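Produce the complete structure using the sequences and hints provided.
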Amino acid sequence: MSAEELKQLKPGQSPHEPEKATLEGKNKFLGFWFFLGGETVLFASLFGTYLALKDSNLDGKPAEELFGLELVFIMTMILLTSSLTSVYAIYHMKNLDFQKMQLWMGITVLLGLSFLGLEIFEFYEYVHHDGHTFTSSAFGSAFYTLVGFHGAHVAFGLLWIVTLMVRNARRGLNLYNAPKYYVASLYWHFIDVVWVFIFTVVYLMGKVG
Amino acid sequence: MSTAYAQKNGFFAGLWDYLTTVDHKKIAILYLIAGGFFFLVGGIEAMLIRIQLIQPDNEFVSAGLYNQLLTMHGTTMIFLAAMPLIFTLMNIAVPLQIGARDVAFPFLNSLGFWLFFFGGVLLNCSWFMGGAPDAGWTAYAPLSTTSPGHGVDFYVMGLQISGAGTLIGGINFLVTIINMRAPGMTYMRMPLFTWSSLVTSVLILFAFPALTVGLFLMMFDRLFGANFFDPSMGGNHVIWEHLFWIFGHPEVYILVLPLFGLFSDIISTFSKKRLFGYSAMVFATVLIGFLGFMVWAHHMFTTGLGPVANSIFAIATMAIAVPTGIKIFNWLFTMWGGSIRMTVPMLWTVAFIPSFTLGGFGGVMLAAAAADYQYHDTYFVVAHFHYVIVGGVVFGLFAGLTYWWPKMFGTMLNEKMGKLAFWPFFFGFHLTFFIQHFLGLMGMPRRYWKFQPDQGLEIGNLVSTLGAFLMAIGTIIFLINVVITTIKGEKVSGDPWDARTLEWSIPSPPPFYNFTQTPLVRGLDALWVEKRHGNGKMTPAEPLGDIHMPNNSFIPFMMSLGLFIAGFGFIYQVDNSSYLILAVLGMAITLLSMFVRSVKDDLGYHIHKEDLEKGAGSE
Amino acid sequence: MARDTNSTSTEFYRKKNKEEMKYQLVTFAAMIVFTLVSFGLVIGEFHPMFTIPVIILLACVQVAFQLYYFMHMNHKGHGLPALFLYSGVFVAILTILAMVTIVWW
Numbered sequence: 001m002s003a004e005e006l007k008q009l010k011p012g013q014s015p016h017e018p019e020k021a022t023l024e025g026k027n028k029f030l031g032f033w034f035f036l037g038g039e040t041v042l043f044a045s046l047f048g049t050y051l052a053l054k055d056s057n058l059d060g061k062p063a064e065e066l067f068g069l070e071l072v073f074i075m076t077m078i079l080l081t082s083s084l085t086s087v088y089a090i091y092h093m094k095n096l097d098f099q100k101m102q103l104w105m106g107i108t109v110l111l112g113l114s115f116l117g118l119e120i121f122e123f124y125e126y127v128h129h130d131g132h133t134f135t136s137s138a139f140g141s142a143f144y145t146l147v148g149f150h151g152a153h154v155a156f157g158l159l160w161i162v163t164l165m166v167r168n169a170r171r172g173l174n175l176y177n178a179p180k181y182y183v184a185s186l187y188w189h190f191i192d193v194v195w196v197f198i199f200t201v202v203y204l205m206g207k208v209g
Numbered sequence: 001m002s003t004a005y006a007q008k009n010g011f012f013a014g015l016w017d018y019l020t021t022v023d024h025k026k027i028a029i030l031y032l033i034a035g036g037f038f039f040l041v042g043g044i045e046a047m048l049i050r051i052q053l054i055q056p057d058n059e060f061v062s063a064g065l066y067n068q069l070l071t072m073h074g075t076t077m078i079f080l081a082a083m084p085l086i087f088t089l090m091n092i093a094v095p096l097q098i099g100a101r102d103v104a105f106p107f108l109n110s111l112g113f114w115l116f117f118f119g120g121v122l123l124n125c126s127w128f129m130g131g132a133p134d135a136g137w138t139a140y141a142p143l144s145t146t147s148p149g150h151g152v153d154f155y156v157m158g159l160q161i162s163g164a165g166t167l168i169g170g171i172n173f174l175v176t177i178i179n180m181r182a183p184g185m186t187y188m189r190m191p192l193f194t195w196s197s198l199v200t201s202v203l204i205l206f207a208f209p210a211l212t213v214g215l216f217l218m219m220f221d222r223l224f225g226a227n228f229f230d231p232s233m234g235g236n237h238v239i240w241e242h243l244f245w246i247f248g249h250p251e252v253y254i255l256v257l258p259l260f261g262l263f264s265d266i267i268s269t270f271s272k273k274r275l276f277g278y279s280a281m282v283f284a285t286v287l288i289g290f291l292g293f294m295v296w297a298h299h300m301f302t303t304g305l306g307p308v309a310n311s312i313f314a315i316a317t318m319a320i321a322v323p324t325g326i327k328i329f330n331w332l333f334t335m336w337g338g339s340i341r342m343t344v345p346m347l348w349t350v351a352f353i354p355s356f357t358l359g360g361f362g363g364v365m366l367a368a369a370a371a372d373y374q375y376h377d378t379y380f381v382v383a384h385f386h387y388v389i390v391g392g393v394v395f396g397l398f399a400g401l402t403y404w405w406p407k408m409f410g411t412m413l414n415e416k417m418g419k420l421a422f423w424p425f426f427f428g429f430h431l432t433f434f435i436q437h438f439l440g441l442m443g444m445p446r447r448y449w450k451f452q453p454d455q456g457l458e459i460g461n462l463v464s465t466l467g468a469f470l471m472a473i474g475t476i477i478f479l480i481n482v483v484i485t486t487i488k489g490e491k492v493s494g495d496p497w498d499a500r501t502l503e504w505s506i507p508s509p510p511p512f513y514n515f516t517q518t519p520l521v522r523g524l525d526a527l528w529v530e531k532r533h534g535n536g537k538m539t540p541a542e543p544l545g546d547i548h549m550p551n552n553s554f555i556p557f558m559m560s561l562g563l564f565i566a567g568f569g570f571i572y573q574v575d576n577s578s579y580l581i582l583a584v585l586g587m588a589i590t591l592l593s594m595f596v597r598s599v600k601d602d603l604g605y606h607i608h609k610e611d612l613e614k615g616a617g618s619e
Numbered sequence: 001m002a003r004d005t006n007s008t009s010t011e012f013y014r015k016k017n018k019e020e021m022k023y024q025l026v027t028f029a030a031m032i033v034f035t036l037v038s039f040g041l042v043i044g045e046f047h048p049m050f051t052i053p054v055i056i057l058l059a060c061v062q063v064a065f066q067l068y069y070f071m072h073m074n075h076k077g078h079g080l081p082a083l084f085l086y087s088g089v090f091v092a093i094l095t096i097l098a099m100v101t102i103v104w105w
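Chains as they are written, first to last, in UniProt numbering: chain A, 1 to 209; chain B, 1 to 619; chain C, 1 to 105.
Hint data in this document are derived by calculation from the structure and do not stem from the laboratory.
Everything numeric in this text was worked out from a predicted model, so none of it was measured.
A portion of the hints provided could be inaccurate.
Stated by the list, open to error - With the Cβ distance kept under 7 angstroms, some of the chain C side facing chain A (calculated, not the full set): (1) Tyr13; (2) Met49; (3) Ala92.
As the list claims (entries may be wrong) - Facing chain A, according to a computed beta carbon distance under 8 angstroms, are these residues of chain C, among others: (4) Val33; (5) Val54; (6) Leu80.
C-beta atoms are modelled at their ideal positions from N, C-alpha and C, and glycine is treated no differently.
Here you go:
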């Protein structure tokens, strides 16, 4: 079984769900979903903390003065689009078309990178123009921890996907790496799910006041 | 290829084997050694606490050291003794009980152990590096955030690392139980220990992230100048209390549920009866798990949450008595009319039932929010949770270790000495903790270094300390038993207890691939079904064929070591920012190890059919 | 399972995947629209008592789309992932509820 797992899969072959064709793949699939269940609680704890402390801005600017919606809107659009591009990647994986899968994964990575760049720019602005820092108030601590945890997830996801792409660039899709790609795409979607709540709860609700 | 699984000899080869092993049976032994060691450390801390309290105004230890001792006793016993010893039992039994060759993620199994191990070592390094944490095992802010020195930093980093290991272990057992069951092993045919391990793993999955976040916030506050728990900067203490107990209350069910399952298996085995009310037991286990998430604020009744919140949490807490009661009665009914053998595991189990029930009564009393204002932070609470944790978890661990000892090591613990260990421990336990209920009702606060003379507290405390010595004697006899048994090394059969479940259908200790052929399960208590209706052996579900096995790996050790090093870096960068180098170095080791793991294919290897016929791997 | 090359079944799955991709695009369009509406409500400065529930609802619907279409939870064999995700959501809601109501000061 194990050597066969490394046999390259080409378009037109079976199976149509390469990510779940082996027991290892099935285990990864299930284990990763469970992990995401745990991550839900992790982010809920961070959201809860943020909601409890969001008005503790002391002398610093309150949320409605601090946040600008233009940048957040652009970031949101970028991340939502990157979710779609990783759907395209998995679509091509199911058709066993490795080259196209890599291409769409690559686009996902580029979008993720630009999201991360904008986030760093945003943080830089807050720190240097608004005096809104990690240590300036409980609001600052809670904001950077919540949004920063999400940013760290994005950064880790990028490292992960790039490693996968480089490692498998020459040998193509097989039953051994298909579950890895699939799980990485699940992770990426989850990051997007968290962001939907961040832009709603942190930025939009912050703006409403 | 066929030499890949040949036995290597020599101490270093053996050590290397254990450092790199991914075999669940060897990982069980690692958990046993490490968890057993920390259990003894925690026990010594307990003895020092009790000696300090043997008489009023005692000066045996200083006030500061006393705070460290009681903090480390609680933290060690919960995170570094009870959790790993439960993982010992889960590792040795769960894959065997469901007819699997290994867990779903053998690599992660190893990683989980090494994370726990290095987290525990990091935490205990604090003793030698300026003092242990001293803010109680609950580390309430602002006591913890303002505690001087690095003690609490060690608490935060140590628990963060070992907590990650536990979370990984939980996911691993979930997938194992769901995906790796042998043909015919439906959910409703799983032994109760496997069922309760499944529910426990669910609790781990959803409870530990809250602790992870809580510890991160504490770390940011203490080490990086954040203000989560600093009211002068807009922070709030109550957030820590919530996060800690959202994790902390499910945690106590995480501890006790697997042992509920174990007791069910033991009672059924030694009563020679099918478990009474199997499906009700499963239901009760799931219900306890579910309710376990809705009661955390009963630890915070006196925090000032208001009457509405207090009432809701009081009622939810009392509701837990219902499924627990179902369990108690089912155990009694299983024994009723059975042909009972009073072996050592059975002895611990029978002792557990009244002991734990007493703890439960105390729990219902504490659940009454109005009355809790009287009990809160007194020895009544101490008595209650030791009754459930020692009477439930520790009794269970002794029972489970004795029960599965032959499966782990191929030799039986001596029954006579087992009973000799039981009686002093049992009486010592009740002497120590029963009287603490009354000390609490008389107003003795918990966690105090000293108590005053002439307040009627002397006798109670003296009795309590004497009881603790009896518990220590029981533990020492158990250890002597282990040593003697190991030296004698008398081999036993695969089924020394005449038991009912799948793990007893294979030799003791099992070959490293567990089942030569995956068994076909034909009912609840799979082996018993074959003993009664078949030829006493499991029917194979597959023809003899090659077996796929995972490779050993040193990477889990390196990943955990990296975090261990980084932990020191994070702690000491407060004093001198050049320690950040250590943090960077540690994280680099971890990330590099992860990178190696991702780019290197790990396909495992095969044991060939011909070698299996020759008996490869079996003794 | 069928590891052989069966061209008709391959064609079948190819078509099925394509069909699904259409739904994915619709999902994406819906997500973008929801996002625009959310931002629009905030920029338009409607009453907070109206805006806040609506944008939270839109976020939840958007996430459901993401989960069921992008993450394939509408496919077979996702019973357990759904069970565990919803269990996580249950604990998550309890946690957030506690943090916004009973963080006593």
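Hints versus structure:
1. Tyr13: 4 angstroms, holds
2. Met49: Given a least distance of 10 angstroms, the restraint on C:Met49 is violated.
3. Ala92: This interface hint holds because 3 angstroms falls under the 7 angstroms limit.
4. Val33: 11 angstroms, violated
5. Val54: Constraint on C:Val54 not satisfied, violated at 10 angstroms.
6. Leu80: 6 angstroms, holds
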